[in-house]
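Engineer: One line per chain: the protein sequences are A and B, in this order. Counting from 12, one number per residue, gives the positions in the first sequence under my numbering. Counting from 161, one number per residue, gives the positions in the second sequence under my numbering.
The reader is advised that the hints may include incorrect statements.
[Stated by the list, open to error] Partial chain A-side listing against chain B, Cβ under 10 Å, derived:
#, residue
1, Gly97
2, Gly137
3, Ser184
4, Gly190
5, Thr246
6, Gly249
7, Lys255
8, Tyr256
9, Asn262
10, Ala320
11, Arg336
12, Met337
13, Phe340
14, Thr385
15, Ala387
16, Ala389
Since the hints were made in silico from the structure, they are not lab data. Predicted model only: the values in this text are computed from it and were never measured. No residue lacks a Cβ here, since even glycine has one placed at the ideal position from N, Cα and C.
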Amino acid sequence: MPQELRIVLRNVDKIDALKIDDYIDANGYKPLEKARSMPQADLIQEIRQSGLRGRGGAGFNTGQKLAFTYSAAGDQKYIVCNADEGEPGTYKDRVIMQSDPHAVIEGMAICGYAVGATKGYIYCRGEYPYVAEILNAAIAQAKEKDVLGEFDVEVCLGAGAFVCGEETALIESIEGKRGEPRCKPPYPPVSGLWGKPTVVANVETLANLPQIVDRGSGWFAAIGAAGYPGTKVLTLTGDVVNRKYIEVPTNTTIKEVIYEFGGGIAGGRKFQAVQIGGNSGGIIPESLLGTQIAFDAMAAVGATLGSGAVFVMDETRDLRDVVCRMAKFFEHESCGKCIPCREGTMRMFDLCEKVGQGKGTAADLALLQEIGETMAVACFCGLGQAAPTPVLTAIKHFDLLAGKGCA
Amino acid sequence: MKDFQEEEPFRLQADKPKNWFQALLQGAGGLLARGRDAFGKRAGHQQTETNHGEVNQMSNYEGLFSEFKGLPGGIIQSYHTIQKEVGYLTEEAILAAAKVFNVPAKNAYEVASFYSYFSTKPRGKNIIRICESAPCHVAGANEVIAALEQALGIKVGDSTSDGKFALELTECVGQCQDTPVITVNGQPFGNITADSVSEVLAQF
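For reference, chain A alone in the conformation it holds in the complex (with noise of 0.2 Å):
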């Protein structure tokens, strides 16, 4: 049976979250000492070879955007934590730092030194204002204790808005306006936070540094799937017998994550449909099951890891309402500045409902699929791009019309 293997939740159920010294007996903030005593350039090298990727969805190389934002010109750059998860079904962040808060500010502050920065903000989103004061607690801790030498963290605390997870919006609403996302290029290592260099990572982006400064980028390398290496976290949900999260090697295939860690569909019923990623994911059927859950593994066969929530529908589940109320989530959330998004999520939704309701045609498939393909091009940011991949997922792998079974 698979195990799992725990970097960013090793010290899950080991510590206490709110005592400092818990985390430096479990050898915590050595790894940002040993960054410091590493010339800068080395450091950015050594995370790069780790061949670490962007856990948040996006799956950037964390190495290649430090040197980026190294190489920038700026007289202040900044290190920002994006805490926005806010993909339906995923919560991996929110455990990570109610567990574990130092080894994500510890993975901003070897970001920080990395690139010369030495103001952080991390952004968490305003749904886990219980979180937001852990992780204040944190940061008051870390400057008693003086760990962090020159860098200063900040929490921002968010409002409601799904679009702040894609990383201009995150920056605009920290600098106080509406979440909308920015034109790219540039982007933020050459221009993000008041136009300064900026690091965008993720909260477990950031909780796997320390570990790889720890241990040695070969080390990390050699964990998982070779173009996507480490652990990922995992949330599962829907009709799962074990609703949990998990932390486990990239190479792991999904059948293993829902039937090995997840026990299997729940009430003895069949699979259906499982989802990956939040609702920007794809809709996967049985025959899929073998893909690992690694970032190319998935977009190879149409789907994506995204965010690393693990959606189970069994066989009762009639896809129709499933999709509709994905459409709608889009719907809501778009931020309104591009019209394809803001139309596009719209009528996706419309048509939705009436597939939903029993009175859909082939044609309503037919506009579905149109909208959907021009949207996945012409939306301004991630949002809108992918708002359309459960629709389109729905209709490639299942009779949409009927609301279930494989076409």
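Position chain B relative to chain A; hints supplied.
Structural biologist: Frame of chain A, contents of chain B only:
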């Protein structure tokens, strides 16, 4: 409360009373008291007296803002503080924020209206949010919505007439190990059933 003409246009009043609470009672001041939100849309038909606190002086707003004054981007954090004290973002609070943070009033309104967790109309003191995202949806969120509407005697989007509760929908609150989930004032309650709704309400 005085009823106002539907067609009355949205405008900022220079001569409005300085005291939002008075304005609310008189129905003469802020747009919000007239059942319209900051964009002139008809606000929820059920008007609610709020009883969140005694922040009823313009100067008090500036006091609340002082913590964030000079903090770049502090307007969103200051709105959180106002909502904690007053329950929603009053017109006066938004205009005061524009002044303190040195942005045009339009920008201050934009921020207030953009984010789901900010409200520009009065609402009940304890804010109940029901997650309707897919994992909660399949776990029975609709039954929970129906049970809450019945227990409170209001529809989603409204507040109870005693000003005690407001009922809102939300997307994922990140507690998906315990679907379906509701939150009250941000505090999550998981594995909610139609039967357990009253137990949660009794705590507030």
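Engineer: Does each hint fit the structure? Answer for all of them.
Structural biologist: Outcome of the hint check:
About 6 Å separates the beta-carbon of Gly97 (chain A) from the nearest beta-carbon of chain B, less than 10 Å, and the hint is met. At a threshold of 10 Å, the smallest CB-CB gap from Gly137 (chain A) to chain B is about 5 Å, leaving the interface hint in force. The closest approach between the C-beta of Ser184 (chain A) and any C-beta of chain B is roughly 7 Å, which is under the 10 Å cut-off, so the hint is satisfied. The beta carbon of Gly190 (chain A) comes within 7 Å of a beta carbon in chain B, closer than 10 Å, and the hint placing it at the interface holds.
Of the supplied interface hints, the one on Thr246 (chain A) holds, with its beta-carbon coming within about 6 Å of a beta-carbon of chain B, less than 10 Å. Residue-level restraint check for Gly249 (chain A) holds (minimum Cβ-Cβ distance to chain B is 6 Å; threshold 10 Å). Because the smallest distance between the Cβ of Lys255 (chain A) and any Cβ of chain B comes to about 6 Å, under 10 Å, the interface hint for this residue holds. Restraint check, Tyr256 (chain A) versus chain B: the minimum CB separation of about 7 Å is within 10 Å; hint holds.
Here the hint on Asn262 (chain A) is broken, as its CB sits about 25 Å from the closest CB of chain B, past 10 Å. Nearest Cβ of chain B to the Cβ of Ala320 (chain A): about 7 Å, under the 10 Å cut. The hint holds. Below 10 Å, beta-carbon pairs count as interface contacts, and Arg336 (chain A) has one with chain B at about 5 Å; its hint therefore holds. Because the smallest distance between the Cβ of Met337 (chain A) and any Cβ of chain B comes to about 6 Å, under 10 Å, the interface hint for this residue holds.
With its C-beta approaching chain B no nearer than about 6 Å, Phe340 (chain A) sits inside the 10 Å limit, and its interface hint holds. With a cut of 10 Å, the hint placing Thr385 (chain A) at the interface with chain B is violated, because the nearest CB-to-CB distance is about 24 Å. With its C-beta approaching chain B no nearer than about 20 Å, Ala387 (chain A) sits outside the 10 Å limit, and its interface hint is violated. Interface restraint check: Ala389 (chain A) against chain B, minimum CB-CB distance 23 Å, threshold 10 Å, status violated.
Of the hints listed earlier, those the structure fails to meet are numbers 9, 14, 15 and 16, in rising order.
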